[in-house]
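Got chain A sorted already, so can you dock chains B and C onto it with the hints?
Chains as they are written, first to last, in UniProt numbering: chain A, 1 to 123; chain B, 1 to 452; chain C, 1 to 524.
To be clear, the hints were calculated from the coordinates, so they are not data collected in a lab.
No residue lacks a Cβ here, since even glycine has one placed at the ideal position from N, Cα and C.
There could be a bad hint or two in this list.
[Stated by the list, open to error] Heads up, incomplete: computed chain B residues facing chain C, CB under 10 Å, no partners named: (1) E49; (2) V69; (3) P70; (4) R79; (5) F95; (6) A132; (7) I199; (8) G275; (9) C297; (10) R307; (11) R321; (12) Q372; (13) V376.
[Unchecked claim] In silico DSS-like pairs for lysine-lysine, Cα to Cα no more than 25 Å straight-line: (14) B:K285 with B:K390; (15) A:K44 with B:K156; (16) B:K172 with C:K253.
[What the hints assert, rightly or not] For the chain C half of the interface with chain B, some residues (derived, Cβ under 8 Å), not all of them: (17) H107; (18) L118; (19) A203; (20) M363; (21) A499; (22) L512.
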Amino acid sequence: MSRYFTEDHEWVDVDGDIGTVGISEYAQGQLGDIVFVDVPEDGKALSKGDEAAVVESVKAASDVYSPVSGNVLEGNTALADDPSLVNSDAEGEGWFFKITLSDPSELETLMDETAYEAFVAKL
Amino acid sequence: MRYLPLTQPDRDAMLEVIGAASIDDLFVDVPEAARLSGAIHGLPNHASELAVERHMTALARQNTVAGEVPFFLGAGAYRHHVPASVDHLIQRGEFLTAYTPYQPEIAQGTLQMLFEFQTQVARLLGTDVANASMYDGSTACWEAIGMARRITRKSKAILSGGLHPHYVSVAKTMAKYTGDTLETATPQLTADTDIDTLIASIDAETSCVVVQYPDILGRIADLTPLADACHAHKALLIAVVTEPVALGAIRSPGEMDADIVVGEGQSIGVGLQFGGPYVGLMGCKEKYIRQMPGRFCGETVDANGKRGFVLTLSTREQHIRREKATSNICTNSGLCALAFSIHMTLLGEAGLRRLAGINHAGACRAADRLAQVPGVELVTQSFFNEFTLKLPTEARPVVRTLADRGILAGVSLGRLYPDEAGLANGLIVAVTETTTAEDVETLAAALEEVLA
Amino acid sequence: MSINQSGWRPKMTAANGNDAAPTFTGNRALMLEEALIFEIGDTSTTGVDFAEGDVAGSRLGDLSRKAPIGLAGLSEPETIRHYTRLSRQNYAIDLGLFPLGSCTMKHNPRLNEKVARLPGFADVHPLQPVDTVQGALGVINELAVWLIELTGMHGVAMSPKAGAHGELCGILCIKAALEKRGEGHRKVVLVPESAHGTNPATAAFAGFMVEDIPATADGRVDTDALKARLGPDVAAVMITNPNTCGLFERDLKAISDAVHDAGGYVYCDGANFNAIVGRVRPGDLGVDAMHINLHKTFSTPHGGGGPGSGPVVLSEALSPFGPLPFTARMADGHIQLIEEETAGDDHPDTFGRMTAFHGQMGMFTRALTYILSHGADGLRQVAEDAVLNANYVLRSLEGTLDAPFAASGPCMHEAIFSDANLAEGFSTLDVAKGLIDEGFHPMTVYFPLVVHGAMLVEPTETESKAALDQFIGALRSVAERAKAGDTALKSAPHFAPRARLDETLAARKPVLVWKEPPLAQAAE
Numbered sequence: 001m002s003r004y005f006t007e008d009h010e011w012v013d014v015d016g017d018i019g020t021v022g023i024s025e026y027a028q029g030q031l032g033d034i035v036f037v038d039v040p041e042d043g044k045a046l047s048k049g050d051e052a053a054v055v056e057s058v059k060a061a062s063d064v065y066s067p068v069s070g071n072v073l074e075g076n077t078a079l080a081d082d083p084s085l086v087n088s089d090a091e092g093e094g095w096f097f098k099i100t101l102s103d104p105s106e107l108e109t110l111m112d113e114t115a116y117e118a119f120v121a122k123l
Numbered sequence: 001m002r003y004l005p006l007t008q009p010d011r012d013a014m015l016e017v018i019g020a021a022s023i024d025d026l027f028v029d030v031p032e033a034a035r036l037s038g039a040i041h042g043l044p045n046h047a048s049e050l051a052v053e054r055h056m057t058a059l060a061r062q063n064t065v066a067g068e069v070p071f072f073l074g075a076g077a078y079r080h081h082v083p084a085s086v087d088h089l090i091q092r093g094e095f096l097t098a099y100t101p102y103q104p105e106i107a108q109g110t111l112q113m114l115f116e117f118q119t120q121v122a123r124l125l126g127t128d129v130a131n132a133s134m135y136d137g138s139t140a141c142w143e144a145i146g147m148a149r150r151i152t153r154k155s156k157a158i159l160s161g162g163l164h165p166h167y168v169s170v171a172k173t174m175a176k177y178t179g180d181t182l183e184t185a186t187p188q189l190t191a192d193t194d195i196d197t198l199i200a201s202i203d204a205e206t207s208c209v210v211v212q213y214p215d216i217l218g219r220i221a222d223l224t225p226l227a228d229a230c231h232a233h234k235a236l237l238i239a240v241v242t243e244p245v246a247l248g249a250i251r252s253p254g255e256m257d258a259d260i261v262v263g264e265g266q267s268i269g270v271g272l273q274f275g276g277p278y279v280g281l282m283g284c285k286e287k288y289i290r291q292m293p294g295r296f297c298g299e300t301v302d303a304n305g306k307r308g309f310v311l312t313l314s315t316r317e318q319h320i321r322r323e324k325a326t327s328n329i330c331t332n333s334g335l336c337a338l339a340f341s342i343h344m345t346l347l348g349e350a351g352l353r354r355l356a357g358i359n360h361a362g363a364c365r366a367a368d369r370l371a372q373v374p375g376v377e378l379v380t381q382s383f384f385n386e387f388t389l390k391l392p393t394e395a396r397p398v399v400r401t402l403a404d405r406g407i408l409a410g411v412s413l414g415r416l417y418p419d420e421a422g423l424a425n426g427l428i429v430a431v432t433e434t435t436t437a438e439d440v441e442t443l444a445a446a447l448e449e450v451l452a
Numbered sequence: 001m002s003i004n005q006s007g008w009r010p011k012m013t014a015a016n017g018n019d020a021a022p023t024f025t026g027n028r029a030l031m032l033e034e035a036l037i038f039e040i041g042d043t044s045t046t047g048v049d050f051a052e053g054d055v056a057g058s059r060l061g062d063l064s065r066k067a068p069i070g071l072a073g074l075s076e077p078e079t080i081r082h083y084t085r086l087s088r089q090n091y092a093i094d095l096g097l098f099p100l101g102s103c104t105m106k107h108n109p110r111l112n113e114k115v116a117r118l119p120g121f122a123d124v125h126p127l128q129p130v131d132t133v134q135g136a137l138g139v140i141n142e143l144a145v146w147l148i149e150l151t152g153m154h155g156v157a158m159s160p161k162a163g164a165h166g167e168l169c170g171i172l173c174i175k176a177a178l179e180k181r182g183e184g185h186r187k188v189v190l191v192p193e194s195a196h197g198t199n200p201a202t203a204a205f206a207g208f209m210v211e212d213i214p215a216t217a218d219g220r221v222d223t224d225a226l227k228a229r230l231g232p233d234v235a236a237v238m239i240t241n242p243n244t245c246g247l248f249e250r251d252l253k254a255i256s257d258a259v260h261d262a263g264g265y266v267y268c269d270g271a272n273f274n275a276i277v278g279r280v281r282p283g284d285l286g287v288d289a290m291h292i293n294l295h296k297t298f299s300t301p302h303g304g305g306g307p308g309s310g311p312v313v314l315s316e317a318l319s320p321f322g323p324l325p326f327t328a329r330m331a332d333g334h335i336q337l338i339e340e341e342t343a344g345d346d347h348p349d350t351f352g353r354m355t356a357f358h359g360q361m362g363m364f365t366r367a368l369t370y371i372l373s374h375g376a377d378g379l380r381q382v383a384e385d386a387v388l389n390a391n392y393v394l395r396s397l398e399g400t401l402d403a404p405f406a407a408s409g410p411c412m413h414e415a416i417f418s419d420a421n422l423a424e425g426f427s428t429l430d431v432a433k434g435l436i437d438e439g440f441h442p443m444t445v446y447f448p449l450v451v452h453g454a455m456l457v458e459p460t461e462t463e464s465k466a467a468l469d470q471f472i473g474a475l476r477s478v479a480e481r482a483k484a485g486d487t488a489l490k491s492a493p494h495f496a497p498r499a500r501l502d503e504t505l506a507a508r509k510p511v512l513v514w515k516e517p518p519l520a521q522a523a524e
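Same shape as in the complex, but just chain A (with noise of 0.2 Å):
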């Protein structure tokens, strides 16, 4: 399994052709305490890039894009219930959404984890 980053700091966990799509560390750090995490509808078709969920703040509300195409399988429910999982969690309980990959190559699009590092340091 490996993990992709987007610069607008989704990341995205492939197994075969499911992905796992959340936000990461520094994401919820920058949004501070999460109150509300709107995930899409199962079955949802979106492309890479589209608008996929919206995570919230007090004072702030950012959309999430998928950083790929395909259906979304799932959404994590969990987070209707606990949203403070974004927080204490990102990159692991706190996911957001489950999704069938379409086109596996624009993984390539992509930074891995050290090159996400690497560009989280300059922002």
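Just chains B and C now, kept in the frame of chain A:
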């Protein structure tokens, strides 16, 4: 000028601190061509309190005051007695001259009031939650249609013929720009509402059905079958209440499973004021709160653990979400919401139910009396405090004639539906606790004369 | 029936970490705690006496209410005390300077309140025959005349209920005008980054695509960028003037000309009209539509968040598209109400109705009273004193706080500062909360978005020099503490009815209505 405290020595001293030679130096960024050299055309110079009051009082005297004549107008705005305490309390400077409570530590008065208001409104409408007010009933109604579109992701709204025609007009205006499709109808001068027709017209494309309760002619009907029909087609039922006092006597739309309930709150605490400012009420089922427009006040705790209140769920709103906001509304109707809340607190449940009972009983008596006028027919059979009469002639000139005699007889359907010849003989009559038996007798006698 | 059957009361004395000497009641002398009406009232109490008599309902069909509503009632003395106690937990203009930038919190004259309550205005129904409301229509008409004169425009739409509603009115006029010209394909509205959030929200509502226009380093709209973006797809530009950085947009006339040449319209957000009333007429700057917040410039009270009133003045090009209803004075002096019925002949291009009735009559009477009280000389003095007061604040504090546009020349009615020179870890929020302890409402914070950690101060013209000096002293003191890293500021306010409130908790688990506490709590 009495509202401007700076003296000329103050101004001079301040200019010196600023380092400007004159006031004009502070306006250097205004291009010469844009500066107004002379005075405002035609506007006299400042005037004393006495002079201004005299001018305004003269204008006020040109109006026929509702409270000074037999008065029977309703159709979306109702004359009720407002206890003196209400107007006293809303004029306390700490309420009157406060801003939107963006700094909660020094706005707990407004915030707690809003929390109480939301609770009162939700209970009255029968919804899980309510927001902190909208501009008025008509704009709240439109916002509810937009909300239903966002929730259902469908855009065909079916509007009952019993919905206030001005509310329909507002919705039509907005729908032109949002791409919603509206199915509208005009009311029929019959005892029955159009609920059966509405049920038959719901299909898979329908986002919502909008029904007024009591409707524009004063009719009431059980909304439960309509709610069931909406839900069977994944559509929402929006109920509109223009006379909230009615809910002291009849079941609330929320109890009948309406999904969004909006209302005009003017009847409670807010006077007629020639149409505004009023206060829009808006409540819904809890699952839809993220799609609600407007402000919410929510309970929380402060750093010392004390209960307190804040504006919350603000990410729906324009100042954060900008072009993706649920609505562009910013300023709402806070002071009118306060008046509503104070009046409702004074009434309490017992008072509201008693008030509703008095209204209904008075309306029943008036309907019976007016139906005895030769040629006059009572159209509405089930109603609260407002009913529709069918006159043997066009109602509009009759209303004008009676106004000349110092009687404000009601709202003619010709005024509201000028293009509908079939409605021209209709007259909507509202009766509240402010209407006396003598008023009714005066109207009946005058009608007998005019119609003879 | 008691609503609160458990008899539970909020524990006012609980968890008062700061209280050295807790009191039995939780009150602190004049600082009085107050429970919710649902905790102190019940459903059988009423503070209103009604006439005796039988009220048996007979025509409610089967809809007669059976279930209780759950509305708490209080007697009249308890009601007066409840709301009086609540009122004392609010800051207000009547208590002190209220420096909220872009909000224009000025003194609210009480004559205006008195006039609005004259029965001839307050007790008149919107659907009375027009012959019985000539004075009310006269107020609308007279106010309309002065608003047109003050702005140098051609017409005015009076019915919008607040500023944002007025923006919508103006944008809908523009949309209707474009469609009439067959140019409904113009889909883009240009909005500067510094705009109020209502601007993009309004344009988006009307179906437009919103594009940001950047600001220059001196805090104004980047005119070159704006002109470069104009083209056949641009419907309108929405500009705030004076802008939200407190600066006059010097190039507005040139911008207007360029927009018009490119076939678009200019919408001006009039929220900041107070700075120029009586001195500059937007109509002379090529503006096509501008809303006027009567609750700002013309001093109708803010009332804790409304009601407002947002008449929209319109250019000759847009006036035919304005909403219904409106008033028209006939040659014989009679005032006619133009509604759907008569619009077809006189006003065929109207975009329609925006609200059920005629707009905020109660605000019209107040605003007209205000205008007549000030007169031509007084209104001009309003703008001059408002600008003078803001510049006085700017120059008195620019040595203490970072003032990003201090070098851009004089400000207009508001002065902007930033958190740039505060100590590490200190932010605008700490300065704002520190000001609360000094007895002032904070300024507008974190707006406009183009300035990091913005503090926008609008003193208005109704403050005396002594009041300004005290405010300046307080803000300077708090700023110095924030620069020195005084950690006590991080937990300010210390002397307000509440300490900082947990907004995260409120948003994560929204509690929007009161619910009966579980009976178990009564045993605590």
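Indices of hints not satisfied (ascending):
Result: hints 3, 7, 12, 13, 14 and 16 break, sorted rising.
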